[in-house]
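Peer 1: Each chain, written out:
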Amino acid sequence: MSVRGNSIFRDRWAIRCIALTAVLFVAIAFIGLVLLPLLQPNVKAAGLWDAICSAAGIARKPTNTTPVAPDFKISSVVVTPEMLDTADAQSIGRGATLAHQCAICHGPAGFSRADSPNLSGQYASAIYKQLKDFQSGARSNAIMTPFAAKLTDQDMIDVASYYAYLPRLPEDRTRQVIVAPQIVSNGAPLRNIPPCGSCHGSIDHKVGSPWLQGQPAAYIKAQLQAFARGQRNNDISQQMRNIARQMTPQEIDEAARYYSSLSQSAQLTGR
Amino acid sequence: MLTNKRLILAHFWLAFSVFGLAILLGAWQMLIRSPLHAWISNPEWYYRSLTAHGTVMGYVFPTLVAMGFGYAISETSLNQPLIGRRWAWAGFWLVLIGAVTAMVPVSLGLASVLYTFYPPMIGNPFYYIGVVLVVVGSWIWVALMSINLAAWKRANPDKPVPLAMFANVAGSYLWAWTAVGAALELLLQIIPAAIGLTSTIDAGLSRVFFSWTLHAIVYFWLIPAYIAYYTIVPRAIGGKVYSDAMARIAFILFLVVSMPIGMHHTFADPQVGAGFKFIHSAFTALVAIPTLLTVFTICASVEIAGRLRGGKGPFGWIAALPWDNPIMLAVTFSFIMLGFGGAGGLINMSYQLDATIHNTQWITGHFHLIFGGAIVIMYFAIAYDLWPHLTGRQLTNLRLMRTQLWLWFIGMIVTTFPWHWVGILGMPRRMAYYDYTNAALEPTALSVSISVVGAFILVISAILFFVVLLEGQRAPRENAGPYRFSMAVHPPVTLPAVLNGHALWVTLMVGLTITNYGFPVYELVTRSGMSVPAIYVGGER
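Order-wise, the sequence lines are chains A and B. Start counting the first sequence at 1; every next residue gets the next number (my numbering). Start counting the second sequence at 1; every next residue gets the next number (my numbering).
It should be emphasised that the hints constitute simulated quantities derived from the structure, not laboratory data. In this text, a Cβ means the ideal position worked out from N, Cα and C, and glycines have one as well. Accuracy of the hints is not assured; some may be wrong.
[Unchecked claim] To be clear about the criterion: a stretch of chain A counts as covered by chain B if any three or more of its residues have a C-beta under 8 Å from a C-beta of chain B, and this derived list gives those stretches:
| no. | segment |
| --- | --- |
| 1 | 47-58 |
| 2 | 70-84 |
| 3 | 180-189 |
| 4 | 240-254 |
Starting from the given sequences, assemble the full structure and let the hints guide the process.
Peer 2: Below, the structure is given as structure tokens:
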């Protein structure tokens, strides 16, 4: 046995193989990038070049027509993972002073029995986003909108940092724990509802989602209903509107009752 | 001439050990998402297990088998001691350290992102760093295979490279190049986000990079099985390779056409142009050529064995085959599973047909049938064939080996056929929880339950596999003689240089990667506004 030829690139077989591959590629590329786009009746190409660009995946420039504006204000806040994840003591201190005006509803230490959200230990980014949305009108509330209107951006950062700094109430281990309802632990995949816990804590936490444990049942229920009816629409990608719309009234009740039964309000109401 | 038996055994034992652990996770996953088990109420546990199962089975297990088998091929086929023994051990330790580094955060639930990474989800950086270490360890093997072949060629300038080594080095080059896609994704996009240097990620670009790795990696897993088809099976059943040239052409075609086809994994992705999807789809179809060449050549080689054993007539040779030989059984089962898996693959590679099974359980059924079935059963055959030469002890319990292979075959069919079926019914994949009381999923309940039975048959088969190997470790010492590969019926009198080296084929592989990936990657890199915020998993719960 022996090997024919020395340099494979001078080998006639090599040249044939390269030529064959090149012809194959050119033919396939011609079919994929030119022929098929032109033959497809549902592809509206302005011409040959447009068809090639489209098939090659070049992003089309947006058209000049103005997009249809929604009849409500959309949130302009971009929540990122590192948003407000470090707060300095001065900011927390300023926030504590500013928070006096919040205490009547949210409690002097960030929790109350007024069915308003408990804020102690809430994520700073979640509080900041809601304040911004109240200010911009993306979310509206007869009480919160006037409060938020007069806050500066730094004020909102400070208040958010202060409440995030406050400790969450520890779990009350003497209470019997309610078993998480299906909607919280499993969601309803066939209705496109992920488990509540996969964003709002217990299974996982996703950026921008508030911590729900111990929030008042009435508040959670009211918010889910508002999302479902489209009365609240400051969820950036419509995720809460899509979820709440698909939830049954019973599931809304179960989720609200379950979260309110955990730790914070349980201690507050002395149950 | 096997001189580094400890090195090769270390690779195989580590490979099969991690395989043994990961298959238990797989069976557990099948069970808890089936109607046979109450839902565990925490999807994170499921995804954690799934990430571990996929990472071990996809990156660690086959890589170690290819490395160990590659070292064995280098020493035996070239008949020269391995050059770079210490580097080989360094590679082994890198894979081991990498696997542990990756598995610790996964076990702690800090990186439940699944083994295909799925950005913009971002897990603990040590998971990705561990995977990178595994790949770097395997690249040492790639370099060593190249160096050993080059040294042999210098010493034997006029001799054709032995087929087994020719194929082995082709597989190593394929791996070196296909791993580059995932390496780019990890090093340029995911790890910077995981360690906090960036907080956004272009997930579309990531998916294109990953598709670069994702399809050809399957052929890297497949190459040891194909080497076994050509160079172990004919010898083990008393036949000869029908055509040495055909074998070489099959391997170089895999090298060239398995690379520029990965975008058939992104058929549903909006960031890739339809024209490039077509190009990748067409090149995927070309993979049928080396596959069918192999099916033809191996069937012909097996027929030669049957006729040499006295089989006559159009079908009489089949009855004359040594059916009590485990290698004969393994190749038969492997071909049946390859046939069904390949037929299913035709649907996946078609731009239009893919839409019917995209993101369904069909896909998971498909890759388990191809990899877990057709490929892994040949890994068992390789181990059975090689073990006596590595340990110096005979594997005598042929009956147990046959039972093990039968169970693996039956288990894989029972697992994956219903799995494909529920995919056709529209059952989505990558979900932890299925509500079988819902009318839309209720028809899948029986099939999913049958799959679970198959999964546990596979676990039993895996246990038997370990029993066979452990019995072998305790058997009396016996010299198995030199390790031999199959001979061709007509060893070529002269061999064209192109079938004796890899330079041309590596050039074509890289060239087609540039033509098929160059523009889409360039277009995505230069397009602005494509990044989305990273979603960190495994943080506060």
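Peer 1: Now look at each hint and say whether the structure bears it out.
Peer 2: Hint by hint, here is what the structure shows:
Counting residues of the segment 47-58 of chain A whose CB falls under 8 Å from any CB of chain B gives 6; the rule of at least 3 is met. Coverage of the segment 70-84 of chain A by chain B holds in this model, with 5 residues showing a Cβ closer than 8 Å to a Cβ of that chain against a need of three. Coverage of a stretch by a chain is defined here by at least three residues with a beta carbon nearer than 8 Å to that chain's beta carbons; for the segment 180-189 of chain A and chain B the count is 6, and the condition holds. For the segment 240-254 of chain A, the stated coverage by chain B is violated: 0 residues have a C-beta nearer than 8 Å to a C-beta of that chain, whereas at least 3 were required.
In this structure, only the earlier hint numbered 4 is contradicted, and the remaining ones agree with it.
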